[in-house]
Amino acid sequence: MKRIVAGAGWAYLGAIYVFIVGPLLFVCAASVNGAAAFPAAFEGLSFRWYRAILNHPEFIAATWTSAMIAAVSSAIATAAAFLAGYAMLRGRKKEDPVLSTILASPILVPQIVLSLAILQFAALFGMGTGLLGLLAVHTVHGLPFALRLVMTGLARFNFSLEDASLSLGAGQLTTWRQVTLPLLRPSLIAGFTFCFILSFVNLPISLFLTDAQTTTLPVVMFAYIESRIDPMLAAVATIVVVAAAAATLTLERYLKIRLVE
Amino acid sequence: MPELVLNRVSKFFGETVAVDDLSLSIGDGEFVCLLGPSGCGKTTTLRMIAGFERVDTGTIKLDGEDITDQPPQKRDIGLVFQHYALFPHMTVAQNVGYGLKVRGHSRGKIDEEVEAALSLVRLGELAGRYPSQLSGGQQQRVALARALAIRPRLLLLDEPLSNLDAKLRDDMREEIRRIQKQVGITAIFVTHDQAEAFGLADRIAVMTHGRLRQMADPVSIYEQPASALVSGFIGQVNVLKGKIVALDGGRARAGIDSGLEITGIAANLGPGDLVTSMIKQERVVLSRHRPAGSENVFSCKIAARTYLGASINYQCQIERQTINAIVPNHPAFERFEAGESAFAKWSSADCRMFHA
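Heads up: the sequence lines are chains A and B, in that order. If you're matching positions, the first sequence starts at 1 in the working numbering and goes up one per residue. If you're matching positions, the second sequence starts at 1001 in the working numbering and goes up one per residue.
Honestly, the hints are just simulated from the structure, not real lab data. Glycine residues also receive a C-beta, built at the ideal position from the N, C-alpha and C atoms. One or more of the hints may lead you astray.
Sample of chain B residues with no beta-carbon within 10 Å of chain A, all distances over it, derived [claimed, not checked]:
(1) Asp1028
(2) Glu1030
(3) Tyr1130
(4) Ser1162
(5) Met1172
(6) Met1215
(7) Ser1220
(8) Leu1269
(9) Asp1273
(10) Arg1283
(11) Gly1339
(12) Ala1349
Residues from chain A that face chain B, not an exhaustive set, calculated with beta carbons under 8 Å [stated by the list, open to error]:
(13) Asn158
(14) Leu161
(15) Asp163
If you anchor each label on the Cβ, the simulated ranges turn out as follows [to be verified]:
(16) B:Glu1065 to A:Ala244: 56 to 62 Å
(17) B:Arg1122 to A:Ala75: 43 to 49 Å
(18) B:Lys1181 to A:Ala75: 52 to 58 Å
(19) B:Thr1306 to A:Trp10: 39 to 45 Å
(20) B:Lys1109 to A:Ala244: 23 to 29 Å
Kindly produce the complete structure, drawing on both the sequences and the hints.
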């Protein structure tokens, strides 16, 4: 009986790994498949689809744009999350449920609606599509996730350390620089990285805000699929997955920061 | 010249009064304990002196300078926290040197002062450790060294011993007193533990419900409590409610609700006044033979006894009145079993009567 239960447990665990990692392996395999179609039977190891990316400058340009948008919006979202969380928890107060629900509300709105809403909202201020709108929507989208991670750190932060620092003669800014921020560093880096990855791979929130000059990688990929499907997309996807996995592993292994608690 | 003066200081949290019209003066080099039950406003008072809580009304002066509205980082007041509050990402030396570093002192000066502060608390050899590698007692020493390293004008300690186990607490108490005397610094120590307050303080300030009830040296607080509130909080007392039947100078006879008639010390009371009489439990003497004298001598039955090691606690029944007596566990004192008959006696000087 014990053996059956243990066996079922392993099978369950196996199934989880297969369904999480399996599709990724499939994409990876397709990216190094020499075949011209996608999906297709394996015809032989080839890196032609990776080389093909180099002939598509729009992919390269969009990658830089996405990286820039992800970096700036994550930095803003993490900083805003720190300020909001700090204000809520400073003075040993309980987290304000109304405020944190409002701050988390972008999660509750379908992302495509969020994109449309920011487009209209930006138009109110005379801004059309383009970089500013994209930065805005990515920041709004990232904020709830950054907030969760930063709040986890703040909830464990001992605010009497700030009192100690003040009583020893340090000003508020020095106290932040010497005590608060160094101790919250893991949550801040985790919040930033999580936002960065979420922003970098997100398609729907950008859909209505890109224009000819400024477009993100997922939008370019989406446009590409509409005209044809070939393994070059798998190659692009593999690069993104490998980069994200490398970043996550580096954080967990060398900085001892867990992205998901 | 008094060093720290609180003048009519009050603090409100919404509708509740945390500190109510508190005035006190603390002299140079004095060690004062703020003693009271939790929620009595003692920690709020400390935090106002440190600058972490705004003073709603009243003023605080330090060395003649009004510091009421000064931010904490300008006050030069050293603080030792209940939970140590050491910076976990800094070594012991960095913790102790922190206040000097943010003041912009040179490396050499910081190293020198850190060494002096650590040797004062006898922890020189642990300078390179992180707080997580230290025991609770060692962490509290580091916290003390850190607070003293800035050479503060005043040292505040917020229940610094309450996280330590009993034996360590006694050692640390002695240590704090030794260091305070050696440095000659004025210190305020907040605690709810009477033994701590009596063992440390030059003067004790007893607070309840946000108010200062009495401020005096430990002997006066214990022997001449100013009110029923102070008397009830300090030591272990028998509380008897009744009415004054006769007065003779400072001495009064009171009829207790349970039917006894007792003699005690009363001030500002008149015949017919309702009184609360307080008798310290260790001042009740038990004997098998009727003791000499007639005042406050009652025959009683031992209803229960609790063996406490250093002492034995007897619950005595005098007619309808229950009196507790704490008797040293020593051959010089008679011992009783539950159910035995005995005589209970206490001196009228050990029975204080206050307005009910």
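Hint by hint, here is what the structure shows:
Separation of Asp1028 of chain B from chain A is adequate, the least Cβ-Cβ distance of about 21 Å exceeding the 10 Å criterion. The Cβ of Glu1030 of chain B lies farther than 10 Å from every Cβ of chain A, with a closest approach of about 20 Å, so its non-interface assignment holds. No beta-carbon of chain A comes within 10 Å of the beta-carbon of Tyr1130 of chain B; the shortest separation is about 13 Å. Distance to chain A confirms Ser1162 of chain B as a non-interface residue, since its nearest Cβ pair spans about 14 Å, more than 10 Å.
Non-interface call for Met1172 of chain B relative to chain A: holds, since the shortest CB-CB distance, roughly 19 Å, exceeds 10 Å. With 10 Å as the threshold on Cβ separation, the claim that Met1215 of chain B sits away from chain A holds: the shortest Cβ distance comes to roughly 25 Å. Once the 10 Å rule is applied to beta carbons, Ser1220 of chain B is consistent with being away from chain A; the minimum gap is 32 Å. Leu1269 of chain B, annotated as away from the interface, keeps every beta carbon of chain A farther than 10 Å; the closest lies near 45 Å.
Distance to chain A confirms Asp1273 of chain B as a non-interface residue, since its nearest Cβ pair spans about 46 Å, more than 10 Å. Interface exclusion of Arg1283 of chain B from chain A stands, the closest Cβ pair being 42 Å apart, more than 10 Å. Every Cβ of chain A is farther than 10 Å from the Cβ of Gly1339 of chain B; the closest lies at roughly 53 Å, confirming the non-interface assignment. For Ala1349 of chain B, the condition that its CB be more than 10 Å from all CB atoms of chain A holds, with the nearest at approximately 45 Å.
A least Cβ separation of about 7 Å between Asn158 of chain A and chain B falls short of the 8 Å threshold, and the interface hint therefore holds. For Leu161 of chain A, the shortest C-beta to C-beta distance to chain B is roughly 5 Å, which falls under 8 Å, so the interface hint holds. Taking 8 Å as the C-beta cut-off, the interface hint given for Asp163 of chain A holds, the closest approach to chain B being about 6 Å. At about 58 Å, the CB distance of Glu1065 of chain B to Ala244 of chain A agrees with the hint of 56 to 62 Å.
The given range of 43 to 49 Å is respected by Arg1122 of chain B and Ala75 of chain A, whose C-beta atoms sit roughly 47 Å from each other. A beta carbon spacing of about 53 Å between Lys1181 of chain B and Ala75 of chain A agrees with the range 52 to 58 Å that was offered as a hint. Roughly 59 Å separates the CB atoms of Thr1306 of chain B and Trp10 of chain A, a value that falls outside the hinted 39 to 45 Å. Checked against the hint of 23 to 29 Å, the pair Lys1109 of chain B and Ala244 of chain A fails, with Cβ atoms roughly 49 Å apart.
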